[in-house]
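Engineer: So you can see what is in the structure, the chains are spelled out below.
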Amino acid sequence: GENVEQHPSTLSVQEGDSAVIKCTYSDSASNYFPWYKQELGKRPQLIIDIRSNVGEKKDQRIAVTLNKTAKHFSLHITETQPEDSAVYFCAASNGGNQFYFGTGTSLTVIP
Amino acid sequence: EPEVTQTPSHQVTQMGQEVILRCVPISNHLYFYWYRQILGQKVEFLVSFYNNEISEKSEIFDDQFSVERPDGSNFTLKIRSTKLEDSAMYFCASRASYNYGYTFGSGTRLTVV
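The listed protein sequences derive, respectively, from chains A and B.
All residue numbers for the first sequence refer to my numbering, where the first residue is -8 and numbers rise by one.
All residue numbers for the second sequence refer to my numbering, where the first residue is 24 and numbers rise by one.
Hints in this document: simulated from the structure, not taken from any laboratory.
A couple of the hints might just be wrong.
As the list claims (entries may be wrong) - BS3-like mimics (lysine-lysine), calculated; alpha carbons at most 30 angstroms apart, straight line:
1. B:K80 <-> A:K33
2. B:K80 <-> A:K13
3. A:K49 <-> B:K80
4. A:K13 <-> A:K62
5. A:K62 <-> B:K65
6. A:K62 <-> A:K48
7. A:K48 <-> B:K101
8. A:K59 <-> B:K101
9. B:K65 <-> A:K33
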């Protein structure tokens, strides 16, 4: 089955700096890659996603890039704010039923 | 914005007891899921449900677990004879179609004592 690796496990940045979280996947059939943000004690919320026919997608301060050849995708958050502090999970899907999640990155934005 | 609703938010149960976790998916969604998250770990797939039957289940989803859609709105996860290691946050999720992100519910924190 699919195996998704996520790095780093923890990340601290100063407010206003950028944060980058990287994920790799193993199944070349994976074609959909969502990113979820989970604040403490709350539900994971979809923040951005990308499909395999696209190399990059941007939504305001958040962007995701995908390199299908290398089987990795990354989340980029620019101009970080304290409210960006949360755990971020990447996931991969091959169009089947389940999403395969990474182990999460705990992002702390220091004011 | 439509939400997936889960009840209860927190359930404490004695080891060996049965629990039922309830979910109300978004009304026009067709695919339903249960995931669990042990504290500090990744979100793990349990089961998917479509057209009134299980479409896929993970190794975790053994005979101890069952799911049901008893009516047009509720989607339940039953855990029989709970064990200490069943303690986790259980998330229900739904989506309208494949290749779209899930909408997760707010979760039920299950504590088995």
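Engineer: Among the hints numbered above, which are violated by the structure, and what are their numbers in rising order?
Structural biologist: 3, 7, 8
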